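Participant: Given the coordinates of chain P, work out where chains S and C should sit on it, guided by the hints.
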Amino acid sequence: MTFPASSQSLDARIGVGILGLIVVAAVAGPVLIGIDPNSIDVTARMQSPSAEHLLGTDSLGRDLLARLLQGARVSLMICLAAVTLATLIGSLIGIVSGYIGGVVDLFAARLIDLFFAIPTLLVAIAVVAALGPSILTTIVAIATAYSPTYARVIRGAVVSVRDRPFVESSRVAGASTSRILRLDIVPAIRPVMIVQSTALVGAALIDEAALGFLGLGVQPPTSSWGSLLSASRDVLLFHPGLALIPGLAVVVTVIASNLIGEGIRAAGDPRLAQRGAEA
Amino acid sequence: MRSEIEPLLRVRDLSVTFPAAPDRTYAVVERVSFDVGRGEIVGLVGESGSGKSMSLLSILGAVPRPGLVSATSLSFEGRDLLALSEPARRELRGSRIALIPADALGALDPVLRVGEQTADVIVDHDAQPRRSIATARVLEAFREVSLPNPKSRFRSYPHQLSGGMQQRVVIAAGLLLTPDLLLADEPTTALDATIQAQVLRLLASIRETRGVSIILVSHDLATVAMISDRILVMYAARIVESGPTLAVMSAPAHPYTRALLAAAPTLDREITTTLPTIPGAPPDLRVSDQGCRFRARCPVFEFLGAPSECVSSDPPLRPVADGRLAACHHVDEGFPVVGAGTLASGSLP
Amino acid sequence: MLRYAAIRIATTVPLLVALSVIAFFGIRLLPGDPIGAMLGIAGNPELVDKLRHRYGFDLPLLQQYVIWLAAALRGDFGVSVSSQQEIGPLIAQRFPATIELMLASFLIAVGIAIPGGIVAGMNEGGRIDRTLSLLSFIGLGIPSFFLGMLFIVVFSLWLRVVPAGGYQAFAADPVENLRLLLMPAAVMGIASAPYLLRLTRSEVISIRREPFVAYAFARGLRARTIQVRYILRAALPALMSVLGLYIGLLLAGSITIEILFTWPGMARLFVGAVAQRDYAIVQALILLYGCLFVVINLAAELAQAALDPRVRLR
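Going down the list, the sequences are from chains P, S and C. Those letters in the first sequence? Residues 1 to 279, per my numbering, in order. Those letters in the second sequence? Residues 280 to 628, per my numbering, in order. Those letters in the third sequence? Residues 629 to 942, per my numbering, in order.
These aren't lab readings, by the way, just hints derived from the structure by calculation. Keep in mind that the hints are not guaranteed to be accurate.
What follows is a list of derived Cβ distance ranges for each label pair [to be verified]:
1) C:P642 with P:V186: 27 to 37 Å
2) C:R636 with P:V104: 20 to 30 Å
3) C:V803 with P:L80: 46 to 56 Å
4) P:D163 with C:Q691: 42 to 52 Å
5) P:V27 with C:A720: 43 to 53 Å
6) C:R636 with P:S134: 39 to 49 Å
7) S:S484 with C:R850: 26 to 36 Å
8) C:P673 with P:A175: 52 to 62 Å
These numbers come from a predicted model, not from an experiment. Ideal Cβ positions, reconstructed from N, Cα and C, are used throughout, including at glycine.
Okay, chain P solo, but in the shape it has when bound:
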């Protein structure tokens, strides 16, 4: 007999721990090691790890640890901004479409379905095609790619609470639409929003890395995990150990955030939390 609820929350705590360490490293790391991630030293190119360069240097002699930590800042910032933006856009579309219904909903739902079928990376690349690669574009691209999925879930949640008695009673009492949305609908769907937004963190990190890897994300010399991966591609056969490090950073961060996401989902799902109590 296992109790999934408790083991899930343990996993989530591990996730929080790992992610916390990474965030601390990203914030404090660059200051602590005090090496300029962009200072080029052609005499010290492609060095293996040493006391001076803990993770070695890249093809321009830049310190890899400094670039990795700087990259963590940029990647995490992009991820946070993209998830926030996707949450805002997705909730807005989902709430409007789900609550107002009618023609608006019909149109929005169709469009959401169309986008839902198209993989996020492709949507993101199309946005890059239209806007040109940059940090801001990466944020917009990822947010655009995930908004439809987000809107779809939110719309479903709104439709399911729209006609519940507590909303109905506010309506009968003459509350304005914006008041109902603010005080009834949004609080009711907040758990769904939290689960969705956490789930997006890992996905956004992977897409930032993929865009960067393709050379369509953050552009050099700015380092992000994605742009470091793009550079890794070129040195993979010569310095495999160093080339894999930025990817490893992505994998660990994604798994940590997925652990948190699973924990939150399990906590919100009474069927998962309380299995075995059913008679």
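Facilitator: Okay, now just chains S and C, sitting in the frame of chain P:
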């Protein structure tokens, strides 16, 4: 009780327990005992969660994990069911002991044709299964339960049938291998009143023609009373009253049975403006309790000013008048046995 | 079924139109046009005007769209601004490589994930399930291109069993083609398998909780009958629609994998065109990718309907 001949089904001290915490269990069926004679219809009544469905499943050997079944005796045709191996129990399931489920639509696989999935019972209980023979027998069973247009129904999918037809299909499925015992788990709850009566008549006529025994489970005392010979009333995992239908219905001994009777819309009573319901909810079985489990809702308990025996000990099932058993410390204290409604008005001596 | 199929096919037409609108106007949202973007401020104004006229960028946008769509329907996507090549043949040349890679990865992923998901779902909470769930949870966190890098390091650099990339046409040398296909296909298949495995598992688990499975057990059906004829059969329709979405995911995954393994498919054309702002190619490929998704999902939906009478006979 028919002690001189071995009954078809003999249940003694049947309990079903589930784990409540790593080191604790709780019983959803607790020390239940009864017999079912050949050709007898036994009604099993109680609120949802009282343990009646779980009792059926333990007879069938289909209690979901991690439930645990124990009994001093659980014998069918003299065979100890709990001693049988799983393959042997599977052989019995669906052939000698058949279940008629409550929710027929949910019980039918939505993506298989009605006739074909019904025929699976025959195929899986046959040493040399042949589909063509199975098909013929299913059609025959469909006719027996008066399913209109059996041939085209055979090829229908569950959602294409009406609720009444779906219920007939699962009854036919139960009858296919001429079982000795039918376990009918709320076979009429999903149906409207006229269809309910039809299905009950169908069950009664099957008993007449085939001599099959039936345990009819329902939350509705009136439904059960229509066709059963004896009635068992369950409350919070135990049997609280049992006896011949007529005796139980005309003079219920246990306060819970009386309350049930008052709450049930009976056929001969005018529909009153407010249907009496039993106030309160059944106790949480996971919380252990020494006393009578009905006392929190019991009008007698309230009237007598919370007598200590009701709090300190759970009343055992013991004989009262007319071959009945009841589990109440205060059955013999001369409460007027008037039936429905009396408790509500509180007409005690 | 025929009626259902006809309705479903008919409703995809507006979807395709919407797709063409997005493909065309989405890329042209920004002010300016491809010539300006290409030549930048360095462009000689006279030359820019000449080129503009030549490619039709001086016409009203709506008119450009109609001309573009009409040509695209004939398979004519215009000329690449950067390489001056006809786009239609350029795509056609790369299409087979992408499809080959996708099919191979699909077979590998389905071969791993469907049996794995079924076994895990049938033994929910058991040791196999927990192992597979843990593996797939970790797998979900590994992007396919990173797995590809690991594979290259292990199999090409250390073990030296396969080259790190390259391509040989099947018609020219089938054995070499398959040898070079093996690693990218394995990487893409393995990297995407966790997603499919988890969906398969949860579908099997939700079917196992259905009352008709409990009833099948109560009727004394054999364990094998219940698993195959009831649980798996009932899970099949939902799996079909899952597979539809999954193939779309593979198509997107092929982009990074093609780049990593220098596989000459559509993805390299696509990424190159985006980087160079070769709008005509980007538009053509977005339309093509979009159509592929729509068609694949339509096929998946029809397969689902064929397997589920509730959908089909509505």
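Participant: Run every hint past the structure and note whether it holds.
Facilitator: Verification of the hints:
The hinted window of 27 to 37 Å between P642 of chain C and V186 of chain P holds, with their beta carbons roughly 32 Å apart. Under the hint 20 to 30 Å, the C-beta atoms of R636 of chain C and V104 of chain P, about 24 Å apart, fit the expected range. Taking the beta carbon of each, V803 of chain C and L80 of chain P are about 49 Å apart, inside 46 to 56 Å as hinted. Between D163 of chain P and Q691 of chain C, the C-beta spacing of about 47 Å keeps the proposed range 42 to 52 Å intact.
At roughly 51 Å, the beta carbons of V27 of chain P and A720 of chain C sit within the given window of 43 to 53 Å. The hinted range of 39 to 49 Å is satisfied by R636 of chain C and S134 of chain P, whose Cβ atoms lie roughly 41 Å apart. Separation of S484 of chain S from R850 of chain C is about 32 Å and conforms to the stated range, judged on CB atoms against 26 to 36 Å. Against the hinted window of 52 to 62 Å, the Cβ-Cβ separation of P673 of chain C and A175 of chain P comes to about 59 Å, which satisfies the hint.
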